[in-house]
Amino acid sequence: MMNPLIPLLVAIPLAGAFLTMIVGRFITGIPRYMALTTLLATAFISFWLLLAGEASPSVYIAGGWEPVNGVPIGIHLVHDGFSGLVLCIISLIGLLSVIYSISYMAWYTSENFFYALFCLMIAGMNGVVLSGDIFNIFVFLEISAISSYALVAFGVEKNELEATLKYQVLGAVASFMILFAITFIYWSAKTLNIADIRSAFSTGDRGSHYVLIQVLLLTGFGLKAAIIPFHAWLPDAHSSAPSPISAMLSGVLIKAVGIYVIIRLFFNMFVITEGMSVLIATLGALSMAAGVFLAIGQWDIKRLLAYHSISQMGYVIMSAGIGMTLMARGIRPDVAALAITGGIFHMVNHAAFKGLLFLNAGAIEYSVGTRDLHEMGGLAKSMPVTSATSFAASLSISGIPPFNGFFSKLIIIVAAVMGRFYLLAALAALVSIITLASFMKFQRYAFYNREPDNIRKEIKEVPAPMLLSMITLAVVCLLLSLLALPGVRDSVLTPATEILMDQMKYSSQITGI
Amino acid sequence: MKGMTVIVKKTTQLIAGIIFLYGIYIILHGHLTPGGGFAGGVILAGSFILLILAWGSDFLHLVREEQGSTLYENLAILVVLFLALSGLLAGVNVFFANWLPHGTPGELLSAGILPLYNIFVGIEVAASILTIFLALIIFKEEVLK
Amino acid sequence: MTVYLLCFILFLTGLYGVITRRNLIKIAISLSVMEFSTFLFLALVGYREGGVAPIVDTADPVKTYVDPLPQALVLTAIVIGLATTAMLMAVIIRIYRKYGTFDIREIKNLRG
Numbered sequence: 001m002m003n004p005l006i007p008l009l010v011a012i013p014l015a016g017a018f019l020t021m022i023v024g025r026f027i028t029g030i031p032r033y034m035a036l037t038t039l040l041a042t043a044f045i046s047f048w049l050l051l052a053g054e055a056s057p058s059v060y061i062a063g064g065w066e067p068v069n070g071v072p073i074g075i076h077l078v079h080d081g082f083s084g085l086v087l088c089i090i091s092l093i094g095l096l097s098v099i100y101s102i103s104y105m106a107w108y109t110s111e112n113f114f115y116a117l118f119c120l121m122i123a124g125m126n127g128v129v130l131s132g133d134i135f136n137i138f139v140f141l142e143i144s145a146i147s148s149y150a151l152v153a154f155g156v157e158k159n160e161l162e163a164t165l166k167y168q169v170l171g172a173v174a175s176f177m178i179l180f181a182i183t184f185i186y187w188s189a190k191t192l193n194i195a196d197i198r199s200a201f202s203t204g205d206r207g208s209h210y211v212l213i214q215v216l217l218l219t220g221f222g223l224k225a226a227i228i229p230f231h232a233w234l235p236d237a238h239s240s241a242p243s244p245i246s247a248m249l250s251g252v253l254i255k256a257v258g259i260y261v262i263i264r265l266f267f268n269m270f271v272i273t274e275g276m277s278v279l280i281a282t283l284g285a286l287s288m289a290a291g292v293f294l295a296i297g298q299w300d301i302k303r304l305l306a307y308h309s310i311s312q313m314g315y316v317i318m319s320a321g322i323g324m325t326l327m328a329r330g331i332r333p334d335v336a337a338l339a340i341t342g343g344i345f346h347m348v349n350h351a352a353f354k355g356l357l358f359l360n361a362g363a364i365e366y367s368v369g370t371r372d373l374h375e376m377g378g379l380a381k382s383m384p385v386t387s388a389t390s391f392a393a394s395l396s397i398s399g400i401p402p403f404n405g406f407f408s409k410l411i412i413i414v415a416a417v418m419g420r421f422y423l424l425a426a427l428a429a430l431v432s433i434i435t436l437a438s439f440m441k442f443q444r445y446a447f448y449n450r451e452p453d454n455i456r457k458e459i460k461e462v463p464a465p466m467l468l469s470m471i472t473l474a475v476v477c478l479l480l481s482l483l484a485l486p487g488v489r490d491s492v493l494t495p496a497t498e499i500l501m502d503q504m505k506y507s508s509q510i511t512g513i
Numbered sequence: 001m002k003g004m005t006v007i008v009k010k011t012t013q014l015i016a017g018i019i020f021l022y023g024i025y026i027i028l029h030g031h032l033t034p035g036g037g038f039a040g041g042v043i044l045a046g047s048f049i050l051l052i053l054a055w056g057s058d059f060l061h062l063v064r065e066e067q068g069s070t071l072y073e074n075l076a077i078l079v080v081l082f083l084a085l086s087g088l089l090a091g092v093n094v095f096f097a098n099w100l101p102h103g104t105p106g107e108l109l110s111a112g113i114l115p116l117y118n119i120f121v122g123i124e125v126a127a128s129i130l131t132i133f134l135a136l137i138i139f140k141e142e143v144l145k
Numbered sequence: 001m002t003v004y005l006l007c008f009i010l011f012l013t014g015l016y017g018v019i020t021r022r023n024l025i026k027i028a029i030s031l032s033v034m035e036f037s038t039f040l041f042l043a044l045v046g047y048r049e050g051g052v053a054p055i056v057d058t059a060d061p062v063k064t065y066v067d068p069l070p071q072a073l074v075l076t077a078i079v080i081g082l083a084t085t086a087m088l089m090a091v092i093i094r095i096y097r098k099y100g101t102f103d104i105r106e107i108k109n110l111r112g
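Residue numbers (my numbering), protein chains in the order written: chain D, 1 to 513; chain U, 1 to 145; chain S, 1 to 112.
Okay, chain D solo, but in the shape it has when bound (with noise of 0.2 Å):
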């Protein structure tokens, strides 16, 4: 009945980072094929447990640890619609940045290093994504923590050390804040697991120390999700590490465990009221603008595209919070649903496309030996294939059809007219708009202005593992605006969408089964 694959999911990064270690130090060469098999095994698996996988949600208990009397004693392993989708987001975007990184990373010393903290980064998100148990949720949050701290420090120099120092001192606020709204949460409702805690909440009156326990983590996973007015750490940090990690750190660490889990615990544990539902939607529509005008001045393009980061996610927080906004009044069903989806389609999409973009500006850096905007020009001609998987990824943020972006911004918007929030909807087209504009600037100066005349060196294409990352991730963005199709999109996104809005469904499968 239990699934046996899920732990898998878990336990094969942390073994796979472990042996690399241990055979790293021996053989030479071979870390980064240990790494790209264990990211294949798990994107596999992951995939696997989507597509092909028995009726949602299922439910494996580690240690045989059955319920007692309707109690749930043991530590809870679920997967169900959305940790699904988020599983394989994360498997896609680990394994084509770890093909990506084969040839970036020969230029950083002791690489095994960096092949193990990867694995190790991937098991934590993993950990985060699959857990049911509220304290689990923090274990794996910090395994994935330091292991990204350690790796934007990667290269030592001092503008590494400083963005990682901004980081590490964030994050360790935000994880403490977030432990101590677990102890007020086992103060209040004697027990640790999601769907018992609901149950616990739902009865009873629950006191006034409910908002301070919702504010708190608001507070502790938005600074891991760099929603705005917790954001100060994502430009430095996102613009100094090596390209591959700032591609897993955008596209899917901010989504892992900031964006996930806030809308897991307040869909899935928290009794939703209208005051907190409307605070979300606010810093959404916030981080949206902020993001982008903060983005418009900038000319380093690593940091351009770390403030981008905040605006579209702004986009999946403020769609979420339109949701509960409806859902806490009490009308229109449908319109939340449509809101809900198109936030879950929006995080798959950014995934993809930021990742790259990431991963473009990281071919740039690599052939041009340059970051800044103003020094490089006329790069279509040397550099094909990389021009155009950057033209595709930016018609895909700004929102231009064919290409994914455009559906799931269509969703958000329409969803929102329909709920009468005629405001934060010109605000999502406006936006919309800005980062066209912005993306245009980037290509402009990027590929298409004409060379500047102190070019160093001889420009060439990038080596092929780096092309073969990139070539998939642009038809992987193609391919994802066909999950915008009735027939596809109910066996992908619908379930995710049902697991939140179902008051019943996430709760009764602990007692039930």
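Treat the hints with care, as some may be off.
Capping the alpha-carbon separation at 27 Å, the derived lysine-lysine pairs in DSSO-like fashion look like this [as the list claims (entries may be wrong)]:
| id | chain 1 | residue 1 | chain 2 | residue 2 |
| --- | --- | --- | --- | --- |
| 1 | S | Lys63 | S | Lys108 |
| 2 | S | Lys26 | D | Lys158 |
| 3 | D | Lys166 | U | Lys140 |
| 4 | U | Lys140 | S | Lys26 |
| 5 | S | Lys98 | S | Lys108 |
| 6 | U | Lys2 | S | Lys98 |
| 7 | D | Lys381 | D | Lys460 |
| 8 | D | Lys158 | U | Lys140 |
| 9 | D | Lys381 | D | Lys441 |
| 10 | D | Lys158 | S | Lys108 |
| 11 | S | Lys98 | U | Lys140 |
| 12 | S | Lys98 | D | Lys158 |
| 13 | D | Lys460 | D | Lys441 |
| 14 | S | Lys108 | S | Lys26 |
| 15 | U | Lys140 | S | Lys108 |
| 16 | S | Lys98 | D | Lys166 |
| 17 | S | Lys63 | D | Lys166 |
| 18 | U | Lys140 | U | Lys2 |
| 19 | S | Lys26 | D | Lys166 |
| 20 | D | Lys190 | S | Lys63 |
| 21 | U | Lys140 | U | Lys9 |
Hints are computed from structural coordinates only; laboratory data are not their basis.
With chain D held as given, fit chains U and S onto it using these hints.
Relative to the frame of chain D, chains U and S by itself:
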């Protein structure tokens, strides 16, 4: 770095063995008394760190020491993972299951597979704290000449 | 109730230290104060009236034990806090060698 005075060196010579035995005692009785793998491992590492601080690191070849402790750490974690997965192989089909016979409560050889977990987690925590200490000393001593 | 309020005040003291201190080592120590206040709160939540330490002894049976689950959670969280502090210390040592100072007002290479 240079060592400390003669009094400190002689005292640690007498005490370090007792601290090591105390750490092993806490690890082995983890299922009967408070403690277990984590706390016992930290005490084990404490005895090694005490020796290095008192006698100075000029006696050691620090990079070789650090490679040795990293190897122990990785091997111990792999054994813990293998023990966790052994539930899947031994027919019980559950991750982290406790499939060795439980004895009578209160004896030293009871509680199934838990003492084995305690031992290997203890080795792992001791090795990793020693690695952290050695890595910080190596950076100070041998990188910044 | 008063002890829980004191734990929260200790948490806010640590947060104040992180925000206002200029020396990097003092920021690291304030983070440790924040984390210890959380452990104290977590261990205090498990107290039951008239309970004894949760060690089962078959010789003399006892009626009420204190809750052992928060004690296990605190053990795990202490190890996580150790790893976080060790990582922070390693980065601080390397920053001192690169920048030459512990003052965070001097470490402002990235701006904008």
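Right, here's what the structure says about each hint:
1. As the CA atoms of S:Lys63 and S:Lys108 are separated by approximately 60 Å, the hinted pair breaks the 27 Å bound.
2. Of the supplied pair hints, the one linking S:Lys26 and D:Lys158 holds, its CA atoms being roughly 21 Å apart against a limit of 27 Å.
3. Distance restraint check for D:Lys166 and U:Lys140: the Cα-Cα separation of roughly 23 Å lies within the 27 Å cut-off, and the hinted pair is therefore satisfied.
4. This hinted pair checks out: U:Lys140 and S:Lys26 have alpha carbons roughly 21 Å apart, not beyond 27 Å.
5. Proximity of S:Lys98 to S:Lys108 is assessed by CA-CA distance (about 13 Å); at most 27 Å being required, the pair is judged to hold.
6. With a C-alpha separation of about 25 Å, the suggested pairing of U:Lys2 with S:Lys98 holds against the 27 Å cut-off.
7. Distance hint between D:Lys381 and D:Lys460 is fulfilled; the C-alpha atoms sit about 10 Å from each other, no more than 27 Å.
8. For the given pair, D:Lys158 sits about 18 Å from U:Lys140 by alpha-carbon distance, which is consistent with the 27 Å threshold.
9. Note on D:Lys381 and D:Lys441: the hinted pairing holds, with a Cα-Cα distance of about 18 Å set against a maximum of 27 Å.
10. For the hint linking D:Lys158 to S:Lys108, the alpha-carbon distance of about 10 Å falls within 27 Å, and the restraint holds.
11. A threshold of 27 Å between alpha carbons decides the hint, and for S:Lys98 with U:Lys140 the separation of about 13 Å falls inside it, so the pair holds.
12. The straight-line distance between the Cα atoms of S:Lys98 and D:Lys158 is roughly 6 Å, inside the 27 Å bound, and the hint therefore holds.
13. Restraint check: the Cα-Cα separation between D:Lys460 and D:Lys441 comes to about 23 Å, which is no more than 27 Å; the hinted pair holds.
14. About 18 Å separates the Cα atoms of S:Lys108 and S:Lys26, which keeps this hinted pair within 27 Å; it holds.
15. For the suggested pair U:Lys140 and S:Lys108, the alpha carbons sit about 25 Å apart, so the restraint of at most 27 Å is met.
16. As the CA atoms of S:Lys98 and D:Lys166 are separated by approximately 16 Å, the hinted pair is consistent with the 27 Å bound.
17. For a cut-off of 27 Å, the pair hint linking S:Lys63 to D:Lys166 is broken: about 50 Å separates their Cα positions.
18. Taking the CA atoms of U:Lys140 and U:Lys2, the gap is about 13 Å. The hint holds against a cut of 27 Å.
19. Distance restraint check for S:Lys26 and D:Lys166: the Cα-Cα separation of roughly 15 Å lies within the 27 Å cut-off, and the hinted pair is therefore satisfied.
20. Distance check on the hinted pair: D:Lys190 and S:Lys63 sit about 20 Å apart at the alpha-carbon level, within 27 Å; holds.
21. Note on U:Lys140 and U:Lys9: the hinted pairing holds, with a Cα-Cα distance of about 23 Å set against a maximum of 27 Å.
Checked against the numbered hints given earlier, the structure breaks hints 1 and 17 and satisfies all the rest.
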